[in-house]
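If you read the sequences in order, they're chains R and E. If you count the first sequence from 1, position 20 lands on 19 in numbering that gives the first Met the number 0, and the numbers rise without skipping. If you count the second sequence from 1, position 17 lands on 16 in numbering that gives the first Met the number 0, and the numbers rise without skipping.
I should point out that these hints are in silico values taken from the structure, not numbers from a laboratory.
Chain R is faced by these chain E residues, among others (derived, beta-carbon under 10 Å):
(1) 34
(2) 38
(3) 40
(4) 66
(5) 72
(6) 80
(7) 83
(8) 87
(9) 88
(10) 89
(11) 104
(12) 107
(13) 110
(14) 161
(15) 165
Predicted model only: the values in this text are computed from it and were never measured. No residue lacks a Cβ here, since even glycine has one placed at the ideal position from N, Cα and C.
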Amino acid sequence: MSPTQVHLEDVAVGAVLPRVVRNASRVQLFLYSAATWNPHRIHYDVDYARFEGHEDVLVHGPLQGAWLTQYVTSWAGPRARLLSVQWQNRASAFPERDLHFDGRVTAVDGDVVTLEITEADPDGRVLMPATATVRLPRRG
Amino acid sequence: MQDQPTDESLVPDETRALVGTLVAEPVRAEITAKESQRYAQAVGDLDPVYFDIDAASAAGHPTLVAPPTFVTHAVVVGLPLDRIRTDGLFTGAMPMRLRVQRTMFGGEEWDFDAPVYVGDTITAETRLASIDEKAGSKGPFVRIVRETTFTNQHGDVVARSRQIGIAR
Numbered sequence: 000m001s002p003t004q005v006h007l008e009d010v011a012v013g014a015v016l017p018r019v020v021r022n023a024s025r026v027q028l029f030l031y032s033a034a035t036w037n038p039h040r041i042h043y044d045v046d047y048a049r050f051e052g053h054e055d056v057l058v059h060g061p062l063q064g065a066w067l068t069q070y071v072t073s074w075a076g077p078r079a080r081l082l083s084v085q086w087q088n089r090a091s092a093f094p095e096r097d098l099h100f101d102g103r104v105t106a107v108d109g110d111v112v113t114l115e116i117t118e119a120d121p122d123g124r125v126l127m128p129a130t131a132t133v134r135l136p137r138r139g
Numbered sequence: 000m001q002d003q004p005t006d007e008s009l010v011p012d013e014t015r016a017l018v019g020t021l022v023a024e025p026v027r028a029e030i031t032a033k034e035s036q037r038y039a040q041a042v043g044d045l046d047p048v049y050f051d052i053d054a055a056s057a058a059g060h061p062t063l064v065a066p067p068t069f070v071t072h073a074v075v076v077g078l079p080l081d082r083i084r085t086d087g088l089f090t091g092a093m094p095m096r097l098r099v100q101r102t103m104f105g106g107e108e109w110d111f112d113a114p115v116y117v118g119d120t121i122t123a124e125t126r127l128a129s130i131d132e133k134a135g136s137k138g139p140f141v142r143i144v145r146e147t148t149f150t151n152q153h154g155d156v157v158a159r160s161r162q163i164g165i166a167r
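The following block holds chain E by itself, in its conformation from the complex (with noise of 0.2 Å):
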């Protein structure tokens, strides 16, 4: 996966080639209220209308809302431990060929269109947005943008994510 660098481009043509294509097979997942309501205690977000159906239906809700960005670890598929990387992550997180040595998380923007629901079926697609060489003050690096749709049973669009990861 890390190549020694040389002074070749970071990007090898053929990950140039994946932009615009899917990184991972779909996923679908269903929110539930304990995953949805332990993750909202870990971030310390006890907003009433993630716990108390009355709460969220005074505040024009169907059922219990999931907290915001809660949708994209609801779709994390695991994976046995002996695919688990000495940096802890899993190993195949990272398809794609760059010749850098490490890679960090840049930030992220999320388009909310619609709330998500505890009951609900998210599908989620994550794409290849963009991938670009750019020239920084500690030398070039390679910035991804890995977009995400999550779409419900209804088959509307809640929720779009894009995670821009920084690579040198």
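Isolated chain R, as found in the complex (with noise of 0.2 Å):
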């Protein structure tokens, strides 16, 4: 299956990209940490997590921060370019319940085109906004 193409084109303020759901395992954590060569205990320790406060291991920042990352990525398609996201960290996210990634374009400027982009929890509650632009390849 060949990847989707999204041109300049195809796209005008206000349109809304499609909504992305994931659901982080555990071992999918570990794996992170591993690859980000990352021993924080808080990803991985679920003791230690609850003395530092925390209700469960957390789901790293900056692992949120490539979902949103390919949230726009695998939308814009392998022409586009991405040029800057920018996150905040707003609440926790904890492994083995859905996050959803919605995203919406607030501008277009020649062939840069932003959008604004959530990861929620399944009540709406916001636990990352981002920000993100990228440049479309047009038609033809």
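Since each chain sits alone in its own frame, please combine them into the complex, following the hints.
Next comes the structure, spelled out in structure tokens:
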């Protein structure tokens, strides 16, 4: 299956991106800690995480950031170029719970599209608000 | 590293004087396919441009691409086990003195100036960009911004990240 490509002509301010739902397993958090050489205990040791006042182990902030980044690149397609992304850590994310990624186009300037994105829990509480800019190819 | 709270500023003058300076020695690392792909698999991002050279080529790249934010992990320097603290973090991760109890990850801002490719050699330089004491609803806190510039072997800046820490 070849990946789909979004073109500049396809988007307008207000356009809504399809929702992506993620649910991280504890194994995924462990693998991400290993792949990023991150020994921080709050991501794999539930007793220690509770000692620090968290209800469970925490999903790494930069992992959520990577998902926000992927949300943009997978929507935009292989010939788009991600220019920037900013995210704010507003509340903790935990494994084995659904995380909803939603986005919409807030500006189009030349061939650069600005997106407003949220990562939220199923009740709609935003855990990480984000913005991104991406350069889209023109059709033809 | 952590003083008892007093009525003084949370940011000692000696720490404020560090703004603009490097917070660590510059680090250089090669972007390898194995590490980049392990990272992509751990994130759950199986974009073919990270794994398949034909897909990368079809998307206009000379070789395999690394996931955008992987570069910050590629330059992590490992330390021996006896340099790991109780919380699992490496000692010396935050060499500046602050009169706070806890530091949290506040967010991050990235600019991507050019793709990072497998085989690139990336040099990372991290500076203390700003340190500001602010009044919050739960009391005073300190907003710390560390800016890292990532430069490839051609001397081109490929990415810049600003990591925001909140300490209180």
